[in-house]
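Participant: Each chain, written out:
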Amino acid sequence: MSASGIALRRRLGALSPLIYVGGGICLFWAVLALAAPWISPYDPIAQDLAATLQPPNAAHLLGTDNFGRDVLSRIVWGTRLDLQMGVLGVLFPFIIGTTIGALSGYFGGFVDMLLMRLLDVTISFPFFVLIIAIVATLGPGLISFYIALALVGWVSYARLIRSRFIVLKHADFVMAARSLGYRHLRIIFHHILPNAIMPAVVFCVSDAVIDIVLGSSLSYLGLGIQPPTAEWGLMIAESQTFIATAWWIATFPGLAIVLLAVGFSLLADGIAEQLGIRD
Amino acid sequence: MHRFNFVLYRPIQLIPVLIGISIVTFVLIHAIPGDPARLLLGAKATPEAIAAIHGKYGLDRPVAIQYFYFVANLIRGELGLSIIYRAPVLLVVVDRILPTLFLLIYAVMLAVILSVVLGSTAAAYRGRPADQAIRLFSTVGLGLPAFWLGIILMMVLSIGFGWFPVSGYGDDFLDRLHHLFLPAFTVALAMAPVLTRNLRASLIAESTADYVSAAKAKGLPRHVIFFHHIFRNSLIPTINLLGVNVGWLIGGTVVVEAVFSVPGLGSLLVSSIFARDYLVVQAVTLILALGVVATNFLVDIVTVALDPRIQP
Amino acid sequence: MAVLDVADLSVEFATAKGPLRAVDQISFGLAEGEVLGIVGESGSGKTVACRSILRLLPGERASISGKVLFEGRDLLQLAEPSMRELRGSRIGMIFQNPSTHLDPLMTVGRQVAEPLIYHQGLSASEARKKAVELLRLVGIPDPKRNADAFPHQFSGGMRQRAMIAGAVACEPRLLIADEPTTALDVTVQAQILRLLLELRDRTGLAIILITHDLGVVAATCDNVAVMYAGRIMERAAKAELLRRPLHPYTEGLMRSRPTAAGRGRELHTIEGQLPPLGDPPRGCRFHPRCIHAQARCQTGAVALEAASSTHSTACLRWREVMAPA
Numbered sequence: 005m006s007a008s009g010i011a012l013r014r015r016l017g018a019l020s021p022l023i024y025v026g027g028g029i030c031l032f033w034a035v036l037a038l039a040a041p042w043i044s045p046y047d048p049i050a051q052d053l054a055a056t057l058q059p060p061n062a063a064h065l066l067g068t069d070n071f072g073r074d075v076l077s078r079i080v081w082g083t084r085l086d087l088q089m090g091v092l093g094v095l096f097p098f099i100i101g102t103t104i105g106a107l108s109g110y111f112g113g114f115v116d117m118l119l120m121r122l123l124d125v126t127i128s129f130p131f132f133v134l135i136i137a138i139v140a141t142l143g144p145g146l147i148s149f150y151i152a153l154a155l156v157g158w159v160s161y162a163r164l165i166r167s168r169f170i171v172l173k174h175a176d177f178v179m180a181a182r183s184l185g186y187r188h189l190r191i192i193f194h195h196i197l198p199n200a201i202m203p204a205v206v207f208c209v210s211d212a213v214i215d216i217v218l219g220s221s222l223s224y225l226g227l228g229i230q231p232p233t234a235e236w237g238l239m240i241a242e243s244q245t246f247i248a249t250a251w252w253i254a255t256f257p258g259l260a261i262v263l264l265a266v267g268f269s270l271l272a273d274g275i276a277e278q279l280g281i282r283d
Numbered sequence: 003m004h005r006f007n008f009v010l011y012r013p014i015q016l017i018p019v020l021i022g023i024s025i026v027t028f029v030l031i032h033a034i035p036g037d038p039a040r041l042l043l044g045a046k047a048t049p050e051a052i053a054a055i056h057g058k059y060g061l062d063r064p065v066a067i068q069y070f071y072f073v074a075n076l077i078r079g080e081l082g083l084s085i086i087y088r089a090p091v092l093l094v095v096v097d098r099i100l101p102t103l104f105l106l107i108y109a110v111m112l113a114v115i116l117s118v119v120l121g122s123t124a125a126a127y128r129g130r131p132a133d134q135a136i137r138l139f140s141t142v143g144l145g146l147p148a149f150w151l152g153i154i155l156m157m158v159l160s161i162g163f164g165w166f167p168v169s170g171y172g173d174d175f176l177d178r179l180h181h182l183f184l185p186a187f188t189v190a191l192a193m194a195p196v197l198t199r200n201l202r203a204s205l206i207a208e209s210t211a212d213y214v215s216a217a218k219a220k221g222l223p224r225h226v227i228f229f230h231h232i233f234r235n236s237l238i239p240t241i242n243l244l245g246v247n248v249g250w251l252i253g254g255t256v257v258v259e260a261v262f263s264v265p266g267l268g269s270l271l272v273s274s275i276f277a278r279d280y281l282v283v284q285a286v287t288l289i290l291a292l293g294v295v296a297t298n299f300l301v302d303i304v305t306v307a308l309d310p311r312i313q314p
Numbered sequence: 010m011a012v013l014d015v016a017d018l019s020v021e022f023a024t025a026k027g028p029l030r031a032v033d034q035i036s037f038g039l040a041e042g043e044v045l046g047i048v049g050e051s052g053s054g055k056t057v058a059c060r061s062i063l064r065l066l067p068g069e070r071a072s073i074s075g076k077v078l079f080e081g082r083d084l085l086q087l088a089e090p091s092m093r094e095l096r097g098s099r100i101g102m103i104f105q106n107p108s109t110h111l112d113p114l115m116t117v118g119r120q121v122a123e124p125l126i127y128h129q130g131l132s133a134s135e136a137r138k139k140a141v142e143l144l145r146l147v148g149i150p151d152p153k154r155n156a157d158a159f160p161h162q163f164s165g166g167m168r169q170r171a172m173i174a175g176a177v178a179c180e181p182r183l184l185i186a187d188e189p190t191t192a193l194d195v196t197v198q199a200q201i202l203r204l205l206l207e208l209r210d211r212t213g214l215a216i217i218l219i220t221h222d223l224g225v226v227a228a229t230c231d232n233v234a235v236m237y238a239g240r241i242m243e244r245a246a247k248a249e250l251l252r253r254p255l256h257p258y259t260e261g262l263m264r265s266r267p268t269a270a271g272r273g274r275e276l277h278t279i280e281g282q283l284p285p286l287g288d289p290p291r292g293c294r295f296h297p298r299c300i301h302a303q304a305r306c307q308t309g310a311v312a313l314e315a316a317s318s319t320h321s322t323a324c325l326r327w328r329e330v331m332a333p334a
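Quick mapping for you: the protein sequence lines, in order, are chains C, S and V.
Using the working numbering, the first residue of the first sequence is number 5, and each one after it goes up by one.
Using the working numbering, the first residue of the second sequence is number 3, and each one after it goes up by one.
Using the working numbering, the first residue of the third sequence is number 10, and each one after it goes up by one.
Just so you know, these hints were derived from the structure itself, not from any lab.
Certain hints may be false.
To be verified - Sample of chain C residues lacking proximity to chain S, with all beta carbon distances greater than 10 Å (derived):
1) Y46
2) L53
3) L107
4) D176
What the hints assert, rightly or not - Simulated pairs of lysine to aspartate or glutamate, DMTMM-like, Cα-Cα distance not exceeding 25 Å:
5) K153(V) with D309(S)
6) K138(V) with E94(V)
7) K26(V) with E277(C)
On a predicted model such as this, the values are computed, not experimentally measured, just so you know.
Glycine residues also receive a C-beta, built at the ideal position from the N, C-alpha and C atoms.
With the hints as extra help, turn the sequences into a complete structure.
Facilitator: Right under this line is the structure:
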């Protein structure tokens with residue numbers, strides 16, 4: 005069921021094609037993000053009021069928006085933000101959720117019961133609505149987004165890890181470790197966790213997709229990245245007034261979101277298939 | 003029908019969750035920096051008004067006591083006054099429930115039709131091009147942001163072909179069906195990938211089940227085997243999935259309402275955030291959470307009704 | 010008059026590793042009211058053979074050849090809609106695990122009534138009345154109330170009875186029973202077997218009883234065919250077979266059964282394993298495990314040879330190595 009170290013190495017022998025395709029796409033975006041200063045043809049926030057609302061042409065491969073800003077450059081620079089939202093967005097929930105789930109699953113008892121109640125309450129709120137409400141409280145912006153995710157997103161990880169721990173804490177190797185006198189924390193993090201963690205890692209990758217869509221949605225609504233910074237969701241919001249005449253401003257950033265998300269999705273599916281894990 | 007007894011005592015079991023929801027909602031507003039009284043009154047902050055608010059919400063008391071003021075007010079249906087609308091929050095919110103409900107139900111129906119058609123086709127033509135295409139749609143669809151989807155549909159179908167209005171709610175029932183089609187379809191498209199994937203997997207699993215072999219050995223017509231046996235068994239995990247995903251459904255609706263300017267709870271939420279009309283934000287969040295709890299309850303009832311094995 | 014006449018039936022699956030012959034040229038038949046037992050280990054091909062009679066093999070990767078004559082018609086030549094007409098009305102089938110072979114979401118009564126509705130055109134209420142009678146016939150208590158029950162509310166034995174009721178609802182001429190008692194308690198096994206014999210006595214139903222248990226064969230069958238690795242090794246009237254097996258495999262099977270007389274002694278086993286059906290042994294398929302194997306057992310096809318009018322064996326050396334009459 006879950007991969008131990010040896011089995012993991014054995015299975016990484018022949019990689020699933022999904023990992024190659026998905027990983028390739030993610031790598032593409034990562035390179036784009038890093039190389040933005042060198043690849044981007046124009047400054048993303050530089051306005052050129054003589055060249056507003058130009059369709060894709062030789063000078064501006066993906067056209068310009070209502071301020072004359074180059075769409076391609078804005079997409080390239082926007083990669084840094086949207087990629088970051090996916091990667092950093094899962095980091096804190098993963099760490100917090102894994103820790104809480106491990107402790108709760110291992111020790112059980114009152115703490116566990118409390119956790120389960122907290123979980124029930126959190127999942128009663130529509131995820132998106134809760135994020136919006138928290139961001140509203142804290143003020144719009146990327147930091148608020150990460151804080152909101154940390155406060156709400158840990159739940160899925162805690163649930164996954166907790167259920168693995170409940171099973172694994174009765175395993176033989178745990179009994180063995182206990183009989184050797186190892187302390188609880190050592191057993192949890194050194195022995196059980198490596199065996200329990202793979203489903204959470206796989207979930208991380210597919211969770212990144214949710215965070216990318218979430219973050220860009222938030223920016224679309226005006227609660228995330230603020231203008232004039234280039235971010236894909238924000239670009240789509242700014243384009244809405246002009247979609248009758250300028251289809252490119254809305255279409256290309258959206259395609260970018262989809263392509264980035266698909267990269268992570270395929271990667272997640274590939275890893276899950278490779279390790280034989282289904283959630 | 004003692005299997006349905008749980009309908010009576012489940013609400014009591016839900017009380018801790020409801021309390022938790024009220025606490026979270028309470029904390030949300032109280033985490034906002036600044037004098038709550040000024041926040042609630044906005045520009046009209048006269049000393050008397052401030053003092054009145056302090057009295058009503060117990061703002062000079064410890065936080066825990068304030069919570070009880072909050073709950074007491076809640077039970078009385080006293081959700082405060084909206085700064086922007088100059089009306090009781092309760093009325094403002096109630097006014098917007100119907101459009102959102104309409105949109106939600108419309109979206110669920112379209113999502114179900116879409117996923118049943120796609121899921122069944124994929125399962126029936128398993129391994130062949132149609133199935134591959136549908137599975138591709140499922141994977142790609144997970145990364146399709148609802149707001150962008152809505153804008154593209156608007157661009158093509160409203161502005162391009164002129165088939166649908168760009169925004170709004172409509173006047174009578176048929177007009178509403180027309181106005182809300184694109185928003186509902188957008189939400190349905192956003193939900194379809196997950197539902198399709200699940201239904202397809204269920205259908206494939208059920209079609210290789212033993213009772214299907216037995217049904218075939220009885221020489222039953224193929225459509226009977228599919229609809230009376232395979233499909234009914236596949237429905238239950240999918241309905242469950244729908245229930246689990248109702249939070250996402252509502253989230254999608256919020257965004258779509260903003261895209262299409264539908265006067266529902268979602269657009270109220272967003273506009274209230276910008277207007278700093280915090281009591282409205284609180285009320286909408288509360289109602290949507292209650293909606294999720296109520297929907298899950300409903301899904302449980304439906305599941306028990308459909309599956310005789312369940313003993314809740 | 011033969012109800013079923015199977016001649017040279019072969020079933021071949023196309024697998025990634027090449028063609029796999031699960032059933033190789035078997036022939037058998039049964040007459041009205043006859044109970045034929047088909048005995049063999051798992052993997053002997055007995056289930057595949059019988060499912061191919063009804064053309065119920067999963068997947069499209071199976072090719073069936075030979076002749077299966079039922080009531081004068083070759084089932085292998087029939088179009089699928091005609092097969093569907095026969096299934097559940099002229100030929101019934103029951104399975105090993107009644108728990109998984111009943112739809113958990115449909116009442117037992119309705120599942121028994123289904124063949125009546127779709128084959129005989131009865132209305133739902135007429136079919137339900139008949140279903141209640143059928144449930145009574147198979148020995149289910151309080152049939153009116155239990156017709157509205159769901160499978161999970163029944164015990165294993167009751168579920169099997171219900172499945173039998175559904176299979177004989179349209180009064181078929183032939184019933185194929187695929188290990189109907191294997192998943193049941195021993196006491197219940199006897200009841201179910203008795204029920205099958207009662208149905209045979211009452212309606213002249215011919216029954217093919219697939220089993221790996223010689224005890225079941227001894228209790229119920231008129232004739233027996235012993236299958237191994239896709240072929241029939243021996244075919245005889247039951248009493249003959251049990252009294253004097255003419256094939257080393259059958260003998261091995263019989264000796265492997267734990268008996269009260271053998272208590273305290275080591276159990277006899279047949280050494281070796283089933284051969285891979287993708288690459289079967291040449292000649293007699295049992296020779297790798299047979300203590301009497303000689304060179305000539307490894308070459309050429311081994312056909313069933315009639316030792317008497319009621320007993321055939323596929324062993325080349327039966328005259329030398331098997332016990333005399």
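Participant: State for each hint whether it applies.
Facilitator: Here's how the hints hold up against the structure:
The Cβ of Y46(C) lies farther than 10 Å from every Cβ of chain S, with a closest approach of about 23 Å, so its non-interface assignment holds. For L53(C), the shortest C-beta to C-beta distance to chain S comes to about 25 Å, beyond the 10 Å cut-off, and the non-interface label holds. Here L107(C) stays apart from chain S, with its beta-carbon at least about 20 Å from theirs, past the 10 Å limit. With 10 Å as the threshold on Cβ separation, the claim that D176(C) sits away from chain S holds: the shortest Cβ distance comes to roughly 32 Å.
Restraint check for K153(V) and D309(S): the C-alpha separation of about 22 Å stays at or below 25 Å, so the hint holds. For the hint linking K138(V) to E94(V), the alpha-carbon distance of about 22 Å falls within 25 Å, and the restraint holds. Only pairs whose Cα atoms come within 25 Å are accepted, and K26(V) paired with E277(C) is accepted, the gap being roughly 24 Å.
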